[in-house]
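Here are the chains, one letter per residue:
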Amino acid sequence: MIRMHPEMDLENETRIRSTHAAKREEAAAIFAAQGLPTRTWEEYKYCDLSKHLDWTAELIGDVPQPDELKVIIDNWLSNWGLTGARVILFADGKPISLPHDLPDGLSITWILEGAEPSAMGTLAAPNTDPMIARNASEWSGGVHLRVGQGKEIEVPIVVLHVHRSPQRLRADLRFLVEVESSASLTLVEAYAGVAGCGRSQLNVVGETLVAEGARVTHLRIQDDAADAQQVNTSITSQQANSQSWQFTLTTGGALVRNNTQVQLEGQYGEAHLLGLYLGNDRQLMDNHTLVDHRVPNCNSNELYKGALQGKATAVFNGKIYVRRDAQKTNAFQSNRNILLSPGATVNTKPQLEIYADDVKCSHGTSTGQLDPSALFYLRSRGLGVESARKLLLQAFLDEVVQQVTLPSFQDAVRERVYAWLQQP
Amino acid sequence: MEIIEEITNSDYKYGFVTDIEADQAPKGLNEDIIRFISAKKNEPQWLLDFRLEAFRFWCGMQEPNWAHVQYARPNFQDIIYYSAPKQKKQLNSLDEVDPEILKTFEKLGISLEEQKRLSGVAVDFVMDSVSVKTSFKEKLAELGIIFCSFGDAVQEHPELVRRYMGTVVPAHDNFYAALNSAVFTDGSFCYIPKGVRCPMELSTYFRINSAGTGQFERTLIIADEESYVSYLEGCTAPMRDENQLHAAVVEIVAHRDAEVKYSTVQNWYPGDKDGKGGIFNFVTKRGICLGDRSKISWTQVETGSAVTWKYPSVILKGDYSVGEFFSVAVTNHFQQADTGTKMIHLGRHSRSTIVSKGISCGVSNNSYRGLVKMHRGADHARNFSQCDSLLMGDRCGAHTFPYIEISNPTAIVEHEATTSKVGEDQIFYCKQRGIDTDKAIGLIVNGYCKDVFDHLPMEFAVEAQKLLSVSLEGSVG
Amino acid sequence: MLEIRNLKASVGDKEILKGINLTVKPGEVHAIMGPNGSGKSTLSAVLSGRNEYEVTEGTVQFNGHNLLELDPEVRAREGLFLAFQYPVEIPGVSNINFLKTALNEIRAHKGLGPIEPRTFLSMLKEKQALVELDGKLANRSVNEGFSGGEKKRNEIFQMAMLEPTLAILDETDSGLDIDALRIVANGVNKLRRPDNAFVVITHYQRLLDYIVPDVVHVLYKGKIVKTGTKELALELEEKGYDWIKAELGEPLNI
Numbered sequence: 001m002i003r004m005h006p007e008m009d010l011e012n013e014t015r016i017r018s019t020h021a022a023k024r025e026e027a028a029a030i031f032a033a034q035g036l037p038t039r040t041w042e043e044y045k046y047c048d049l050s051k052h053l054d055w056t057a058e059l060i061g062d063v064p065q066p067d068e069l070k071v072i073i074d075n076w077l078s079n080w081g082l083t084g085a086r087v088i089l090f091a092d093g094k095p096i097s098l099p100h101d102l103p104d105g106l107s108i109t110w111i112l113e114g115a116e117p118s119a120m121g122t123l124a125a126p127n128t129d130p131m132i133a134r135n136a137s138e139w140s141g142g143v144h145l146r147v148g149q150g151k152e153i154e155v156p157i158v159v160l161h162v163h164r165s166p167q168r169l170r171a172d173l174r175f176l177v178e179v180e181s182s183a184s185l186t187l188v189e190a191y192a193g194v195a196g197c198g199r200s201q202l203n204v205v206g207e208t209l210v211a212e213g214a215r216v217t218h219l220r221i222q223d224d225a226a227d228a229q230q231v232n233t234s235i236t237s238q239q240a241n242s243q244s245w246q247f248t249l250t251t252g253g254a255l256v257r258n259n260t261q262v263q264l265e266g267q268y269g270e271a272h273l274l275g276l277y278l279g280n281d282r283q284l285m286d287n288h289t290l291v292d293h294r295v296p297n298c299n300s301n302e303l304y305k306g307a308l309q310g311k312a313t314a315v316f317n318g319k320i321y322v323r324r325d326a327q328k329t330n331a332f333q334s335n336r337n338i339l340l341s342p343g344a345t346v347n348t349k350p351q352l353e354i355y356a357d358d359v360k361c362s363h364g365t366s367t368g369q370l371d372p373s374a375l376f377y378l379r380s381r382g383l384g385v386e387s388a389r390k391l392l393l394q395a396f397l398d399e400v401v402q403q404v405t406l407p408s409f410q411d412a413v414r415e416r417v418y419a420w421l422q423q424p
Numbered sequence: 001m002e003i004i005e006e007i008t009n010s011d012y013k014y015g016f017v018t019d020i021e022a023d024q025a026p027k028g029l030n031e032d033i034i035r036f037i038s039a040k041k042n043e044p045q046w047l048l049d050f051r052l053e054a055f056r057f058w059c060g061m062q063e064p065n066w067a068h069v070q071y072a073r074p075n076f077q078d079i080i081y082y083s084a085p086k087q088k089k090q091l092n093s094l095d096e097v098d099p100e101i102l103k104t105f106e107k108l109g110i111s112l113e114e115q116k117r118l119s120g121v122a123v124d125f126v127m128d129s130v131s132v133k134t135s136f137k138e139k140l141a142e143l144g145i146i147f148c149s150f151g152d153a154v155q156e157h158p159e160l161v162r163r164y165m166g167t168v169v170p171a172h173d174n175f176y177a178a179l180n181s182a183v184f185t186d187g188s189f190c191y192i193p194k195g196v197r198c199p200m201e202l203s204t205y206f207r208i209n210s211a212g213t214g215q216f217e218r219t220l221i222i223a224d225e226e227s228y229v230s231y232l233e234g235c236t237a238p239m240r241d242e243n244q245l246h247a248a249v250v251e252i253v254a255h256r257d258a259e260v261k262y263s264t265v266q267n268w269y270p271g272d273k274d275g276k277g278g279i280f281n282f283v284t285k286r287g288i289c290l291g292d293r294s295k296i297s298w299t300q301v302e303t304g305s306a307v308t309w310k311y312p313s314v315i316l317k318g319d320y321s322v323g324e325f326f327s328v329a330v331t332n333h334f335q336q337a338d339t340g341t342k343m344i345h346l347g348r349h350s351r352s353t354i355v356s357k358g359i360s361c362g363v364s365n366n367s368y369r370g371l372v373k374m375h376r377g378a379d380h381a382r383n384f385s386q387c388d389s390l391l392m393g394d395r396c397g398a399h400t401f402p403y404i405e406i407s408n409p410t411a412i413v414e415h416e417a418t419t420s421k422v423g424e425d426q427i428f429y430c431k432q433r434g435i436d437t438d439k440a441i442g443l444i445v446n447g448y449c450k451d452v453f454d455h456l457p458m459e460f461a462v463e464a465q466k467l468l469s470v471s472l473e474g475s476v477g
Numbered sequence: 001m002l003e004i005r006n007l008k009a010s011v012g013d014k015e016i017l018k019g020i021n022l023t024v025k026p027g028e029v030h031a032i033m034g035p036n037g038s039g040k041s042t043l044s045a046v047l048s049g050r051n052e053y054e055v056t057e058g059t060v061q062f063n064g065h066n067l068l069e070l071d072p073e074v075r076a077r078e079g080l081f082l083a084f085q086y087p088v089e090i091p092g093v094s095n096i097n098f099l100k101t102a103l104n105e106i107r108a109h110k111g112l113g114p115i116e117p118r119t120f121l122s123m124l125k126e127k128q129a130l131v132e133l134d135g136k137l138a139n140r141s142v143n144e145g146f147s148g149g150e151k152k153r154n155e156i157f158q159m160a161m162l163e164p165t166l167a168i169l170d171e172t173d174s175g176l177d178i179d180a181l182r183i184v185a186n187g188v189n190k191l192r193r194p195d196n197a198f199v200v201i202t203h204y205q206r207l208l209d210y211i212v213p214d215v216v217h218v219l220y221k222g223k224i225v226k227t228g229t230k231e232l233a234l235e236l237e238e239k240g241y242d243w244i245k246a247e248l249g250e251p252l253n254i
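Note that the protein sequences, when read in sequence, are chains A, B and C.
According to the working numbering, the first sequence is numbered sequentially starting from 1.
According to the working numbering, the second sequence is numbered sequentially starting from 1.
According to the working numbering, the third sequence is numbered sequentially starting from 1.
Chain A with its partners taken away, still in its complex shape:
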């Protein structure tokens, strides 16, 4: 059962223009002054968006028929072991439908021009990144999820972006998640392209507010079509005793840039960031993460792993920031890569910025190949080179997969990884 997106009412739009134009114009001015980031920006050193992105395409595409929709949704859910989950659907960059029969305490609404939730924009400030400015000036749709105090939402909620139009498209989209105190939510944010779709270019800004004692699981699946481009900014703010688990799987897209930030703003908060990226051909996958420890006694744990074939490039830039007051912080970060072909590249920059002395922080990164002695061991037991390599690779990547909660989804991720490894 789905609710279709309301048609924009022209009269309404005019009224909104006058009250909200200021915000958009302010952001537009920032973007106009800065432009698309170039490699001279430290944060975009390895991902020159001005070179890669072509923002001339327009928002194009027809609204799919409900039966077509149902097939897309059902197939996707069953592929990812999420059958039964509620789906918020965007097709070709347009907001299409919301689920109903929602569990008690969960509300899902479209973000409409002129009726933006008050929390929108509180975490993503346009002056911190040109892509946020761009989004704040141009956003054309978004969804707002809110979980009431103490409500534990068991069923996963999926924000599914499907690209199916053969034409090129571009869209700036937003989402806002508010999880009130002691509540919990599992959010799946997914990008998928139907065979034959045109190049999609998305600039997504998400904000997640996790109140005291609340728990959020945020699973992101970037399995878009081969030529898709995406800049994805996700900022999570956590209050005391809250927990967040984030997992990002990147397999599709010509260019994927993720700016994933967690702000620990209340004591005894816990943040887990997991990432898996599998690159091929000329794919560029750039994961920028920032864990900002603002208060004492918080823990963060980050593990990103990647494997690259062809001429793919992966970037990992992970920053642990421990502010002066954030004593007794435990922060751990690890990034491991395996290069599978002579043309592949990894640029990694794990950073620690520490201003408090009574902390335990560490990061580690390694890039290399599969352990030759393990490879030899498997071969001596009769495995062929290729199957031995695949086995070891899968074991290497599985360290991340194992930590993904939601058993049926974990199995699906494992299968996706396995399928990727079977490619020539």
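Some hints here could point you the wrong way.
To be verified - From the derived model, a few chain C residues whose C-beta atoms are all more than 10 angstroms from chain B:
hint: 1; residue: Glu-69
hint: 2; residue: Ala-180
hint: 3; residue: Lys-245
hint: 4; residue: Gly-249
As the list claims (entries may be wrong) - Partner residues aside, some chain B positions facing chain C, computed with beta carbon under 8 angstroms:
hint: 5; residue: Gln-426
hint: 6; residue: Phe-428
hint: 7; residue: Tyr-429
hint: 8; residue: Lys-431
hint: 9; residue: Arg-433
hint: 10; residue: Gly-434
hint: 11; residue: Ile-435
hint: 12; residue: Asp-436
hint: 13; residue: Lys-439
hint: 14; residue: Tyr-448
Claimed, not checked - List time: in silico DSS-like cross-link candidates among lysine-lysine, alpha-carbon distance up to 27 angstroms:
hint: 15; chain 1: A; residue 1: Lys-45; chain 2: B; residue 2: Lys-317
hint: 16; chain 1: B; residue 1: Lys-450; chain 2: C; residue 2: Lys-125
hint: 17; chain 1: A; residue 1: Lys-360; chain 2: B; residue 2: Lys-450
hint: 18; chain 1: C; residue 1: Lys-125; chain 2: C; residue 2: Lys-136
hint: 19; chain 1: B; residue 1: Lys-421; chain 2: A; residue 2: Lys-360
hint: 20; chain 1: C; residue 1: Lys-14; chain 2: A; residue 2: Lys-328
hint: 21; chain 1: A; residue 1: Lys-311; chain 2: B; residue 2: Lys-342
hint: 22; chain 1: A; residue 1: Lys-45; chain 2: A; residue 2: Lys-311
hint: 23; chain 1: A; residue 1: Lys-328; chain 2: B; residue 2: Lys-421
hint: 24; chain 1: C; residue 1: Lys-221; chain 2: C; residue 2: Lys-40
hint: 25; chain 1: B; residue 1: Lys-317; chain 2: A; residue 2: Lys-311
hint: 26; chain 1: C; residue 1: Lys-226; chain 2: C; residue 2: Lys-40
hint: 27; chain 1: B; residue 1: Lys-450; chain 2: C; residue 2: Lys-136
hint: 28; chain 1: C; residue 1: Lys-226; chain 2: C; residue 2: Lys-18
hint: 29; chain 1: C; residue 1: Lys-40; chain 2: C; residue 2: Lys-18
hint: 30; chain 1: C; residue 1: Lys-100; chain 2: B; residue 2: Lys-421
hint: 31; chain 1: B; residue 1: Lys-342; chain 2: A; residue 2: Lys-45
hint: 32; chain 1: C; residue 1: Lys-100; chain 2: B; residue 2: Lys-450
Because the hints were derived from the structure by calculation, they are not lab data.
Just so it is clear, the structure is predicted and the values come from calculations on it, not from any experiment.
Ideal placement from N, C-alpha and C gives every residue a C-beta, glycine not left out.
Following the hints, put chains B and C in place on chain A, whose structure we already have.
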């Protein structure tokens, strides 16, 4: 090893000014000043052209701002670019050295006589940009080793200087390297011929002396095939209120099967406890492992300077070449350090190791910034990096910015970094054995830095350990 | 030598020592036994000057000094030695360097100059033999990568080097196998002299088979509830700590 004796005062121990009448250029920088310096040093036309070209590059460059440091930008027109101590004639023995300078040696605790007699170290003592004394020259000459001031090398070995100068650090490499290339006054030159193993540590003590004198040293070390040299650079500077700029360039070339070990203990005036004064140390140090199986090793102990911006690097061009970087950087009070290394791997089977120990105290900021780059052709290249930070007190900062760029699937790169503090239980354990807090911290931190000190020549290690204890004094209440 | 009068100490709001009285004379070996949580380790921590314990009442005289007023390092220089239950690792600092620094600090406190390197080395060899410590361990970093037994032996080795007048052994027997226990005890016995004293803190009696005490005290809930001869330790071993509880009229947890 007596590492923690002689801690009497944490104020700058070497704060004195040598009174030598300086022969100075007028303040400021323009092409005329460069011509003046070049003429003063009786340089050939090609060198003047090199300077002028660098100057033109520099004029079009921006002062870098990416480092994790903040300071008042120097006014480059308010600096005296040439200043030479009076030198009447060529010196043959110590007796002929200005007694003022000999006194300076005594205050430093390193008498040249003692150095010569005890350790067999040849000392090329650079004061205010011009070398005043080179010893052991004859003995080195027998082996064909050239160890002299840069100025002398320009006069006596122009072909070597011309062939290698600027090949590792091009004049336009960066803002400060360009400035140095335009205005450098002197420095050291070292050439080790093919197959020669230099029998002694070559040592240069740099000092910054006259008020308002920027220091623009230039060092060029060439190790020909199958040669070996260990080079020591140690620095102390007198106390000053105004900030002084130091922008040196060091170039090292290692040919096939050659090895160069370059060790530095840097203890320039860091400014007082309130952050007033102190040296700005913006140095470009780079070596190239040109030939197969060549090796360049940097070891540094940085305790001084108000602001340090320094990345001794190695370009590993030769197959099976080796690059190493071992560093201890201590910041206290208002000091800021942004230091690290670059290991650029081009050659097959090239290997590099990075060990960095940063210690932050007071309200200082200490950053490790490093680049490990594995180029396409660097088959089976390897790097291992270990960057540890120690924080003492809750008002300082410790930062790690490693850049790792890998474009070869057979390369292996590993990087580990940790941040920690001196354990209360460790201090108590020492106290229970009768050792007071300051000494306990000196002991524990020296232990923490052991991996780096182990790579310093013995005499230097002792000096470095003392320096470390002195700079940490009173850092924990 | 050591005179503890009505010593009370607490951590935060919790009082752990509730009035300890203890007198140790030169040449004596005292054993302090007690169940877990009775305050044994707190007593050693307070005597050595750990600052997480607050002394709320009482006095401690040590060789004519008010011990509680002294900094931990001054207590050590005055001849108080604590063999830690959990010896601390100090990476990169060699045992030899550590001991030489400590020894010279103690000597300086007594108005003596630094020890002659040769004397130091022969002393090192002699004392190593005492606790059958491998010479290689002396060159390793303090306690780093030592096994449990090596750490405890290293404590006794340090004690032998620093020649304290009063040594407190805080559960030195914990985690030791029987051979290591014998080695440690032999070391202690060889160091016994008419002018020094030992306080041996232990949970079990077995250490006292090797280090025979002159006096045995039972510490329970922050107080010394029983004092006797070495036979008291045997009785305790046989009857268990419940016996003490029963004597004190407390209900047994059966």
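Hints versus structure:
With a cut of 10 angstroms on Cβ distances, Glu-69/C stays outside the contact zone with chain B, its closest approach being about 15 angstroms. Listed as outside the interface, Ala-180/C is consistent with that label: its C-beta sits roughly 21 angstroms from the nearest C-beta of chain B, beyond the 10 angstroms cut-off. Separation of Lys-245/C from chain B is adequate, the least Cβ-Cβ distance of about 33 angstroms exceeding the 10 angstroms criterion. Listed as a non-interface residue, Gly-249/C keeps its Cβ farther than 10 angstroms from every Cβ of chain B; the least gap is roughly 39 angstroms.
Hint status for Gln-426/B relative to chain C: holds, with the closest Cβ pair at about 5 angstroms, below 8 angstroms. Satisfaction of the interface hint for Phe-428/B is found here, the shortest Cβ-Cβ separation to chain C being roughly 6 angstroms, below the 8 angstroms cut-off. About 4 angstroms separates the beta-carbon of Tyr-429/B from the nearest beta-carbon of chain C, less than 8 angstroms, and the hint is met. For Lys-431/B, the interface hint holds, the least distance from its beta-carbon to any beta-carbon of chain C being 4 angstroms, beneath 8 angstroms.
The closest approach between the C-beta of Arg-433/B and any C-beta of chain C is roughly 4 angstroms, which is under the 8 angstroms cut-off, so the hint is satisfied. With a least beta-carbon distance of about 4 angstroms to chain C, the hint placing Gly-434/B at the interface is held under the 8 angstroms criterion. Interface hint at Ile-435/B: satisfied, since its Cβ lies 5 angstroms from the closest Cβ of chain C, which is below the 8 angstroms cut-off. For Asp-436/B, the shortest C-beta to C-beta distance to chain C is roughly 5 angstroms, which falls under 8 angstroms, so the interface hint holds.
This hint holds: Lys-439/B has a C-beta 7 angstroms from the nearest C-beta of chain C, less than the 8 angstroms allowed. The interface hint given for Tyr-448/B holds, since its Cβ lies 6 angstroms from the closest Cβ of chain C, which is under the 8 angstroms cut-off. Proximity of Lys-45/A to Lys-317/B is assessed by CA-CA distance (about 25 angstroms); at most 27 angstroms being required, the pair is judged to hold. With a C-alpha separation of about 25 angstroms, the suggested pairing of Lys-450/B with Lys-125/C holds against the 27 angstroms cut-off.
The straight-line distance between the Cα atoms of Lys-360/A and Lys-450/B is roughly 21 angstroms, inside the 27 angstroms bound, and the hint therefore holds. In summary, the hint linking Lys-125/C to Lys-136/C is supported, as the alpha carbons are separated by about 11 angstroms, within the 27 angstroms threshold. With a C-alpha separation of about 9 angstroms, the suggested pairing of Lys-421/B with Lys-360/A holds against the 27 angstroms cut-off. Between Lys-14/C and Lys-328/A, the direct Cα distance comes to roughly 24 angstroms. Compliance with the 27 angstroms bound is thereby established for this hinted pair.
For the proposed pair Lys-311/A and Lys-342/B, the alpha carbon gap of about 25 angstroms is at most 27 angstroms, so the pair holds. For a cut-off of 27 angstroms, the pair hint linking Lys-45/A to Lys-311/A stands: about 18 angstroms separates their Cα positions. Proximity of Lys-328/A to Lys-421/B is assessed by CA-CA distance (about 11 angstroms); at most 27 angstroms being required, the pair is judged to hold. Distance check on the hinted pair: Lys-221/C and Lys-40/C sit about 10 angstroms apart at the alpha-carbon level, within 27 angstroms; holds.
A C-alpha spacing of about 24 angstroms is found between Lys-317/B and Lys-311/A, which places the hinted pair at or below 27 angstroms, so the restraint holds. Between the alpha carbons of Lys-226/C and Lys-40/C the distance comes to roughly 14 angstroms, so the proposed pair stays at or under 27 angstroms and holds. About 18 angstroms separates the Cα atoms of Lys-450/B and Lys-136/C, which keeps this hinted pair within 27 angstroms; it holds. For the given pair, Lys-226/C sits about 15 angstroms from Lys-18/C by alpha-carbon distance, which is consistent with the 27 angstroms threshold.
For the hint linking Lys-40/C to Lys-18/C, the alpha-carbon distance of about 12 angstroms falls within 27 angstroms, and the restraint holds. About 25 angstroms separates the Cα atoms of Lys-100/C and Lys-421/B, which keeps this hinted pair within 27 angstroms; it holds. Pair hint Lys-342/B plus Lys-45/A holds up; C-alpha atoms about 17 angstroms apart against a cutoff of 27 angstroms. As the CA atoms of Lys-100/C and Lys-450/B are separated by approximately 18 angstroms, the hinted pair is consistent with the 27 angstroms bound.
No hint from the list above goes unmet by this structure.
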